[in-house]
Amino acid sequence: MTQSKSLLGTLWTERGSRAFYAVLLLAAVLVPVLNLGVAESSALHVPTYTVALLGKYLCYALLAIAVDLVWGYCGILSLGHTAFFALGGYAMGMYLMRQIGTRGVYGDPLLPDFMVFLNWKELPWFWHGMDTFWFAMLMVLLVPGLLAYAFGWFAFRSRVTGVYLSIITQALTYALLLAFFRNEMGFGGNNGLTDFKDLLGFDLQKPGVRVALFLASALALGLAYAACRAVIASRLGRVIEAVRDAESRTRFIGYRVENVKLWVWVFSALLAAVAGALYVPQVGIINPSEFAPIGAIEIVVWVAVGGRGTLYGAALGALLVNYAKTWFTGALPEVWLFALGGLFVGVTLFLPQGIVGLIAQLQARLRRPAPPKEASA
Amino acid sequence: MRGTQRQYLGRRSSQPKVDIANNIILYVEDVSVSFDGFRALNHLNLYIEVGELRCIIGPNGAGKTTMMDVITGKTRPDSGSAWFGQTIDLLTLSEPEIAQAGIGRKFQKPTVFPNHTVFENLELAMAGTRSPWRLLVARLDGEQLDRIAEVLRTIGLADRRDAIAGSLSHGQKQWLEIGMLLMQDPQLLLVDEPVAGMTPQETERTAELLVSLAGTRSVVVVEHDMDFVRSIARTVTVLHEGSVLAEGSIDDVQANPRVVEVYLGE
Ligand SMILES: Nc1ncnc2c1ncn2[C@@H]1O[C@H](COP(=O)(O)OP(=O)(O)OP(=O)(O)O)[C@@H](O)[C@H]1O
Ligand SMILES: [Mg+2]
Chain W
1 MTQSKSLLGT LWTERGSRAF YAVLLLAAVL VPVLNLGVAE SSALHVPTYT VALLGKYLCY
61 ALLAIAVDLV WGYCGILSLG HTAFFALGGY AMGMYLMRQI GTRGVYGDPL LPDFMVFLNW
121 KELPWFWHGM DTFWFAMLMV LLVPGLLAYA FGWFAFRSRV TGVYLSIITQ ALTYALLLAF
181 FRNEMGFGGN NGLTDFKDLL GFDLQKPGVR VALFLASALA LGLAYAACRA VIASRLGRVI
241 EAVRDAESRT RFIGYRVENV KLWVWVFSAL LAAVAGALYV PQVGIINPSE FAPIGAIEIV
301 VWVAVGGRGT LYGAALGALL VNYAKTWFTG ALPEVWLFAL GGLFVGVTLF LPQGIVGLIA
361 QLQARLRRPA PPKEASA
Chain B
1 MRGTQRQYLG RRSSQPKVDI ANNIILYVED VSVSFDGFRA LNHLNLYIEV GELRCIIGPN
61 GAGKTTMMDV ITGKTRPDSG SAWFGQTIDL LTLSEPEIAQ AGIGRKFQKP TVFPNHTVFE
121 NLELAMAGTR SPWRLLVARL DGEQLDRIAE VLRTIGLADR RDAIAGSLSH GQKQWLEIGM
181 LLMQDPQLLL VDEPVAGMTP QETERTAELL VSLAGTRSVV VVEHDMDFVR SIARTVTVLH
241 EGSVLAEGSI DDVQANPRVV EVYLGE
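So the protein sequences, as listed, match chains W and B.
Those letters in the first sequence? Residues 1 to 377, by my numbering.
Those letters in the second sequence? Residues 1 to 266, by my numbering.
Some clues are possibly wrong.
[To be verified] To be clear about the criterion: a stretch of chain B counts as covered by chain W if any three or more of its residues have a C-beta under 8 Å from a C-beta of chain W, and this derived list gives those stretches: (1) 115 to 123; (2) 129 to 139; (3) 223 to 232.
[Unchecked claim] So these bits of chain W aren't anywhere near chain B, every CB distance computed over 10 Å: (4) E40; (5) P47; (6) L215.
[To be verified] Estimated spans, in silico, between C-beta atoms of each pair: (7) L7/W x T87/B: 57 to 65 Å; (8) R367/W x D89/B: 56 to 64 Å; (9) P352/W x T87/B: 44 to 52 Å; (10) G189/W x Q108/B: 34 to 42 Å; (11) V160/W x V260/B: 45 to 53 Å.
Hints in this document: simulated from the structure, not taken from any laboratory.
Glycine included, every Cβ here is placed at the ideal spot set by N, Cα and C.
Could you build all of it, start to finish, from the sequences and the hints given here?
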């Protein structure tokens with residue numbers, strides 16, 4: 001039984017996974033229908049900006065799953081996944097910038113507006129090829145992947161763990177934040193990349209294109225979830241969890257812990273990069289604030305709130321916390337950071353398994369209405 | 001000490017072969033380890049023969065566990081050398097490399113993977129690929145499943161196959177760790193206090209198991225239980241304050257006045 005179960009079998013027998021796919025499928029059917037198929041005057045109509053908002057949440061859910069894979073299953077508390085997310089986003093942003101062509105404010109056929117504004121005469125070397133979709137998509141994976149590889153190679157080989165590792169992941173994303181702020185870097189500085197017009201020739205303002213991006217995000221999330229489950233269900237998955245629970249013991253039975261960590265770390269960074277690339281066309285902008293260390297901490301809060309080490313909990317947490325954030329930043333913007341901090345403390349103290357853990361507990365209690373005393377030990 | 005004539009002992013082509021000319025599998029020579037000025041090992045010398053079952057005894061703090069830490073790469077000595085066979089310099093290898101070279105260890109405090117099942121603990125320890133990419137697609141074949149089933153029977157945990165290892169009793173964890181050692185299929189087994197917390201019957205079974213392993217493999221056992229040592233030992237080494245105080249048969253050692261002094265002086 002331990003190994004003969006197929007991936008589909010695992011996904012089907014696990015209630016959380018079933019619920020995850022049910023909700024995802026429902027959203028993938030309902031949102032397009034209610035947006036494109038229902039008249040705007042109808043109360044059931046889902047406005048296009050809501051489609052984009054929901055698409056953004058799906059990208060966050062994908063990002064949360066990536067963080068849960070390294071944190072919940074391998075014990076690496078990453079406070080730097082914003083780095084991979086934003087780099088993936090920038091690669092997509094560069095492609096979208098190059099699609100603007102002569103429709104920019106300055107009408108330069110080659111140079112994006114901000115370069116004309118800075119009086120640059122030539123396209124920097126790293127902008128070459130970014131007008132080709134497949135090449136840009138390759139960069140979406142390659143750049144964050146290589147950064148994660150280089151970072152992980154040094155960090156895991158030198159056996160940096162725990163709080164120290166978390167701190168250097170924060171430093172990584174902070175360093176990128178500072179670098180991308182500089183105009184000379186060639187990524188639009190403070191303002192970042194924006195004013196996108198179209199993707200693969202499709203107008204980004206069209207509701208149909210919004211719906212397509214939403215569906216692409218849902219598909220990416222569904223596939224990433226299955227891929228993570230496949231990793232966890234494999235023998236490698238058991239080694240990953242062994243590293244989390246007893247790192248040094250894992251070494252003494254012959255595993256190179258640094259290689260195992262590097263593998264999950266890079267895989268997780270790639271998922272974050274894909275999330276970033278899908279996020280940018282839906283929000284219409286990428287700027288250095290996406291690298292902000294606080295953002296990386298927020299992801300960890302999503303995962304903790306939903307329930308660490310379950311994947312579906314991470315997705316749920318991303319959805320709920322971001323819904324709350326959208327609501328707070330509309331109604332009580334100054335309260336949001338306090339609410340976030342309070343949420344984290346509250347969950348850490350009272351809900352160590354997060355919301356999905358609470359649900360599981362309640363279900364167990366319902367199934368056995370009068371718990372015998374000795375069961376509490 | 002190391003000669004030029006070579007014989008090889010090794011089962012798997014992926015593993016480095018251990019060159020056991022001179023019939024010696026482990027050389028620990030002149031090893032010293034200090035912790036903040038305190039000498040845990042003091043010019044320690046130890047040679048283990050191929051197929052030997054060696055017992056190491058000594059009062060608390062004598063350096064027995066530290067010696068195993070040096071051999072398995074956990075602690076680097078200040079001076080001295082440690083060789084596995086003629087050709088493998090243990091002091092240049094990492095813990096996983098030493099494990100893969102064929103040295104397995106059971107820890108003094110049983111350390112199993114508490115959130116994995118008994119079966120999964122054995123699967124993790126099983127000799128074979130350690131590469132992430134291969135593990136991602138690896139499936140246990142019939143032979144490997146048989147091997148795990150066999151070890152489950154040997155350690156008496158066949159009916160606890162799917163139990164979470166963290167829920168086992170202390171004695172069962174000891175057995176599980178011995179099972180993990182068997183799964184690794186090492187040529188040299190370092191076993192630190194295997195019978196602590198075991199019932200007399202369990203102790204007896206452990207003795208039988210260790211005796212049966214010796215011969216094809218070399219076994220080094222650290223144990224305080226003198227009855228247990230008497231029941232299995234051919235050669236006993238007494239450690240005291242980081243170096244060898246006496247070595248010989250159990251009767252010789254127990255009759256040695258210096259050993260008597262150390263043990264009575266506690
Ligand atoms: N990492 C360490 N840091 C500081 N001192 C240590 C360390 N490891 C061991 N020691 C000390 O080195 C000495 C030898 O310890 P060791 O664990 O090797 O003894 P032992 O012979 O295994 O004893 P026991 O029979 O109690 O298991 C002890 O005094 C111990 O306190
Ligand atoms: Mg000890």
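Query raised in the report: Any hints this thing doesn't respect? Which numbers, in order?
Result: When the structure is compared with the hints, numbers 3, 7, 10 turn out to be violated.
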